[in-house]
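Since each chain sits alone in its own frame, please combine them into the complex, following the hints.
Quick mapping for you: the protein sequence lines, in order, are chains A and B.
Sequence positions in the first sequence follow the working numbering and run 1 to 477.
Sequence positions in the second sequence follow the working numbering and run 1001 to 1174.
These aren't lab readings, by the way, just hints derived from the structure by calculation.
Be aware that a few hints might be false.
As the list claims (entries may be wrong) - Here are the computed distance ranges between Cβ atoms for each label pair:
1) A:Gln-37 x B:Gln-1164: 19 to 29 Å
2) A:Glu-150 x B:Lys-1083: 44 to 54 Å
3) A:Ile-51 x B:Arg-1088: 30 to 40 Å
4) A:Asp-338 x B:Gln-1164: 24 to 34 Å
5) B:Arg-1087 x A:Arg-23: 32 to 42 Å
6) A:Asp-130 x B:Lys-1153: 42 to 52 Å
7) A:Asp-345 x B:Glu-1003: 38 to 48 Å
8) B:Ser-1005 x A:Val-126: 17 to 27 Å
9) A:Asp-332 x B:Arg-1022: 11 to 21 Å
10) B:Gly-1149 x A:Ile-51: 16 to 26 Å
To be verified - DSS-like mimics (lysine-lysine), calculated; alpha carbons at most 30 Å apart, straight line:
11) A:Lys-31 x B:Lys-1118
12) B:Lys-1161 x A:Lys-44
13) A:Lys-76 x A:Lys-340
14) A:Lys-44 x B:Lys-1153
15) B:Lys-1118 x A:Lys-7
16) A:Lys-9 x B:Lys-1083
17) B:Lys-1161 x A:Lys-7
Stated by the list, open to error - Where chain B lies over chain A, by a calculated footprint (3+ residues, C-beta under 8 Å):
18) 9-23
19) 41-49
20) 62-73
The C-beta atom is built at its ideal place from N, Cα and C for all residues, glycine as well.
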Amino acid sequence: MNCTECKEKLAELLEGLLPESQRQIVEEHLKDCQACQAELQELKELSERLISDSNAWQQTNLEDAVFNRIINEQNKRLKQADRVNRQFRIWRQIMNSKITRYTAAAVVILIVVLGITFLDKAVTPVYALDQTIRANHSVYSLHIKGFHPEYEEPSEMWVECGPDGKIENIRLSSPKWSDKYDGDKLMVWKENKLQVWLKRKNIFGIIKDTMLSAQVLKMAEEFAPKLAVERLRDRQQQGEIKLEIIEPANKAELIVVTATALEEGDAFFPTPTPSNKADELSAEVGSMQKDKAIYQRIILFVDQATKLVSCIEFYQLKDSDYQKKMTLEFYDYNVPIDSKMFTLDDEVPPDVLRIDQTTQEVGLVQGQLTDEEIAVEVVRQFFEALIASDFVKAGRLLEGLPAEEIKKDYGKVKYLRIVSIEKPTKPQAGAYVPGAFRVPCTIEIEKDGKIEQWKPYGPFVRPVMGQHGRWTICGGI
Amino acid sequence: MAEESDQYYIEECLNGHPDEFRHLVRRYQAAVSAYLAGKLSDRSIAEEATQETFVRAYFGLSELRKRESFYCWLLGIAGRVAKEQLRRPKSFAEAGCLAQRACEERKVDVELEEAIAKLPDPYKRIILLRFYGGRSCSQIAEQLDMPIGTVTKQLSRAYAKLRQLLSGEKEVQK
Chain A
1 MNCTECKEKL AELLEGLLPE SQRQIVEEHL KDCQACQAEL QELKELSERL
51 ISDSNAWQQT NLEDAVFNRI INEQNKRLKQ ADRVNRQFRI WRQIMNSKIT
101 RYTAAAVVIL IVVLGITFLD KAVTPVYALD QTIRANHSVY SLHIKGFHPE
151 YEEPSEMWVE CGPDGKIENI RLSSPKWSDK YDGDKLMVWK ENKLQVWLKR
201 KNIFGIIKDT MLSAQVLKMA EEFAPKLAVE RLRDRQQQGE IKLEIIEPAN
251 KAELIVVTAT ALEEGDAFFP TPTPSNKADE LSAEVGSMQK DKAIYQRIIL
301 FVDQATKLVS CIEFYQLKDS DYQKKMTLEF YDYNVPIDSK MFTLDDEVPP
351 DVLRIDQTTQ EVGLVQGQLT DEEIAVEVVR QFFEALIASD FVKAGRLLEG
401 LPAEEIKKDY GKVKYLRIVS IEKPTKPQAG AYVPGAFRVP CTIEIEKDGK
451 IEQWKPYGPF VRPVMGQHGR WTICGGI
Chain B
1001 MAEESDQYYI EECLNGHPDE FRHLVRRYQA AVSAYLAGKL SDRSIAEEAT
1051 QETFVRAYFG LSELRKRESF YCWLLGIAGR VAKEQLRRPK SFAEAGCLAQ
1101 RACEERKVDV ELEEAIAKLP DPYKRIILLR FYGGRSCSQI AEQLDMPIGT
1151 VTKQLSRAYA KLRQLLSGEK EVQK
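Chain B on its own, in the form it takes in the complex (with noise of 0.2 Å):
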């Protein structure tokens, strides 16, 4: 089945059909969740946190101006509530189940997404489109209107950075 684009999608939600915005929630949940968990290190407040993101993106779709920067738009949402998260006061309870999900939680790469969530904004985009959003490299370039070479570029300099998160982090550890 083709897919459509998310201005599509957005633009048959805003018509009416409320339930089009499926598609976005299907399209984007892998990016946002992994963005959050690497952003809250905790897989079952980070999918909390993902529907609150999802919601608020239903809401405030009339408010969109440029409807190509959805996926864009939908990670400064996701953004804002982290940092909403982030800044209520835990107990000390929630605070020691976090160390404790954070790392029974084998299947998911905390430590990798920890990297992701530091990135710097455009190789966050393009690493979490390219991986978790599942787009290719000239989707990529189609969605974020730059030329392909700009996209390879950006997802070079992204390894890189990402490697040496990584690196540091394993530092630490040592």
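Isolated chain A (complex conformation) (with noise of 0.2 Å):
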């Protein structure tokens, strides 16, 4: 062997790779061969510079940067597809606002007239519900806002979720116009534990029922795309909704998703539920279920890298004419969420009144007694505790209220004795507290030293907030 042959041969020799027989002719060349050693050390060298460089370049972890960014694009591109889905919306406004047929001609005309070349360029549809499906299994966290077509204002809901899924944390932020009787208010949800400000009557409630917990958990379910999709395409599956979908060419433009449900069909929910109880809670809870409505057609907007959703507008059918009724724009799609937007303990206002159910039972309980005996039995034991001065336990007959705002409020007067208490009057529709029992009464009472008979304007009397077979004063007194 040579020197030129044995050089050839180095890098191999330092990798390991020399078969056996080569190697040992190597090393004998080697033995002998001084430059041929000196070349080999060179190599070594250079070898362990570049591994010793290398090992410096371990250290820095770049995952979470990258991702960092590659959310803050993301986000970046939503925004700005949106303002091409503007254009979009405007033809689409167009072509469904009848169900009549377009000739091509016109189709054409139209297309020239609004400027909108990316119609021509949408490829065949590569897309499918499947893909969201699964994109939606690695959202861990989500922001979603609200709109009503004639408000301004969103309700606004952040949505947390453990590592298997299932949803841990809710922040949901009701404005005016979602409630109308208390509207403007700020829920938490975390570990099943629901904590509600209403800001109008800035009351601050800790509410421990699991039924009202499970309304609002079903609530962000309803409304976070996950769920959304599936049921899309189960119901497609099933031949009950149409399904047409646009994946433009230009890859920075949102893919259009419409479901149209066939027949006399709602594309979103599956099957409405009324019932009583339900629709009380969803009173309470102010949801933008309340009215129950049916959405005959609903408009996906995806994102093309990611295949999740950007934003989802729901239309009624009246008339021959799709009304949009709602739109759900989903944002900051795994940006963590802080931990403080979960709890109102810091948000609330000092002066608020707080009512904490968990720790203290509100009402009495029903047991065998009818509605009407039960709720004359809180108005007697009510007014039996102002009496005895037991500021606690009249606070406990009257939501809940706190011994010193009972005091407060009636601690002025003394109470002497019941006189009578009438037949409750049934409850009012449309009153100003619906399903409560307007309890007549005649107090007599001691007031700057005169005696004289009170009978109270109400008391209204009506089912604990979320504690069922619990009844308590909400009113007029």
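Next up, the structure:
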């Protein structure tokens, strides 16, 4: 073996890739050849220098930084796509506003007039709902805005899921328009406990009722895109809805999936579930489900890169016209949500009225009594408590108000005795407090040294919000 | 834990598991970083540029025709990012800082990386994959779809060229 041949084999020797026979030959040559020995030494040094330098780079971990940038870029693109989206919407409104057939000529004129050029570039759709369903599996946190067509301020929801995909934390901000009675409120749901801040009345309630909790959880699941898309796919397979998909060739534009209910159906909710309890509870939760609306058409806007849903529009069919009733927009996929968002303790003002239903029991148990009987009993025990100056008990029977509040409002007067309690009158439809009984009564009191008969305006008695089988006074005294 | 091929992770990514992209970042971040540090002579700018490279790769995944060529394609993107970075007009302050930082970063062998960045493409790819990507010669042979003999030959040539570049630089410094 000569030096040229040997030098060519040195790299292989270092890598340990030389077959045994060749290795022996090379080592034989090296024994006697200074030049090749020096060459080998230099190679070893270079190799070590490379290894040492590569170690310097092993410490950095760029994964998180890269993903943060990807998510930011994602959000930027979704916002940009929205601008393109508006153009698309104008076209769709024109195409869909009447169920009539357009001739090809009319369509071409429209395209030219509106200057929309991407129509002819749409390729055969490769997108399928399954891709979004799979993308949703790795979504752990999400921010949803719900828009009513007539109001500017959206309701907002933040949802966080655990590693198993189950929702663990919810924050819901409902503006005035979302609920006639209690609008403008903030709710957080965490570890199955619900905190509610009614801003107008400045009441902060901690609710322990599991049914109400379940209702809030159900609402969050309904409006997170995961369930919506799975439902769409299932219903398409069962032939209940028709899907049209437009997949623009330009990857920055959103995929548009239009789902229309066939026959007398609902494209979004599988089966409406009207029941008295559900209506009552949803009135209290004040969600957008309140009207139990039926949407004959929904449109999904899906991002091409991530296959995640950017926006869903809900339409109702009225007089051959599809009218948009609600829009849900999805933001900040997997952007971590500050844990402070899921507790209201630091957000409520110091002068808020706190009612903690988890630590105290509100109202009276109905047991075997009829509704009228329990209403009377609650009123009777309330006034008996006031007569005995038992403000703790009185507070318990008045929405769980703290004793100090009761004392402030009722302590100025001395309660002597109950003169009479009459038969409760049935709840009025459209009354200020729905579902409440009015229990007319006369109480003898001593005020400013004078004894008089007091007939309160109410009191109104109704089931405790979220604690079934328990009744409380809710106002009118 | 057995590692999957580049194609596998790309497939998963495009099928709705975007998180799988992490594996590709982990696998090639050192190689891309070293290459960009060699081209840009500044470790922190190189890190920025590395992130940018991976972000562009992520969004361009669906356009990659031959998924086996992910690594080479990635280096191509890195090269373009570096070119853009170099074309940016630098302020005086920046230019001064660059030289200073290059000297301060003793932990990282800037001279070596600059030499690597100057290697012809095939040699550069092999050196980066072998040392910064932590691949053995047989793995490289499989990934780049060439016989192992070719890999070692190119490695040998790469060493020679590197030494030439490094000693050439030493001459200039003297």
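Hints, verified against the model:
Taking 19 to 29 Å as the suggested C-beta distance range, the pair A:Gln-37 and B:Gln-1164 conforms, at roughly 20 Å. Against the hinted window of 44 to 54 Å, the Cβ-Cβ separation of A:Glu-150 and B:Lys-1083 comes to about 52 Å, which satisfies the hint. The beta-carbon spacing between A:Ile-51 and B:Arg-1088, approximately 33 Å, falls within the hinted interval of 30 to 40 Å. At about 55 Å, the CB distance of A:Asp-338 to B:Gln-1164 disagrees with the hint of 24 to 34 Å.
Between B:Arg-1087 and A:Arg-23 the CB atoms are about 49 Å apart, so this pair departs from the stated range of 32 to 42 Å. Roughly 47 Å separates the CB atoms of A:Asp-130 and B:Lys-1153, a value that falls within the hinted 42 to 52 Å. Between A:Asp-345 and B:Glu-1003 the beta carbons are some 46 Å apart, a value that agrees with the proposed interval 38 to 48 Å. Against the hinted window of 17 to 27 Å, the Cβ-Cβ separation of B:Ser-1005 and A:Val-126 comes to about 23 Å, which satisfies the hint.
For the hinted restraint 11 to 21 Å between A:Asp-332 and B:Arg-1022, the CB-CB distance of approximately 20 Å keeps it satisfied. A hinted range of 16 to 26 Å holds for the C-beta pair B:Gly-1149 and A:Ile-51, which are about 23 Å apart. Our distance criterion of 30 Å between C-alpha atoms is broken by A:Lys-31 and B:Lys-1118, whose separation comes to about 35 Å. With a C-alpha separation of about 15 Å, the suggested pairing of B:Lys-1161 with A:Lys-44 holds against the 30 Å cut-off.
Between the alpha carbons of A:Lys-76 and A:Lys-340 the distance comes to roughly 26 Å, so the proposed pair stays at or under 30 Å and holds. The suggested pairing of A:Lys-44 with B:Lys-1153 holds, with an alpha-carbon distance near 16 Å, which does not exceed 30 Å. Restraint check: the Cα-Cα separation between B:Lys-1118 and A:Lys-7 comes to about 23 Å, which is no more than 30 Å; the hinted pair holds. The straight-line distance between the Cα atoms of A:Lys-9 and B:Lys-1083 is roughly 37 Å, outside the 30 Å bound, and the hint therefore fails.
Taken as a hint, the B:Lys-1161 and A:Lys-7 pair is honoured in the structure, with Cα atoms around 14 Å apart against an allowance of 30 Å. By the rule of at least three residues with a Cβ nearer than 8 Å to a Cβ of chain B, the coverage given for the segment 9-23 of chain A holds, with 5 such residues. Given a C-beta distance limit of less than 8 Å, the hint that chain B covers the segment 41-49 of chain A holds, as 5 residues qualify and 3 suffice. Closer than 8 Å: that is the beta-carbon criterion, and the segment 62-73 of chain A has 8 residues meeting it against chain B, so the requirement of 3 holds.
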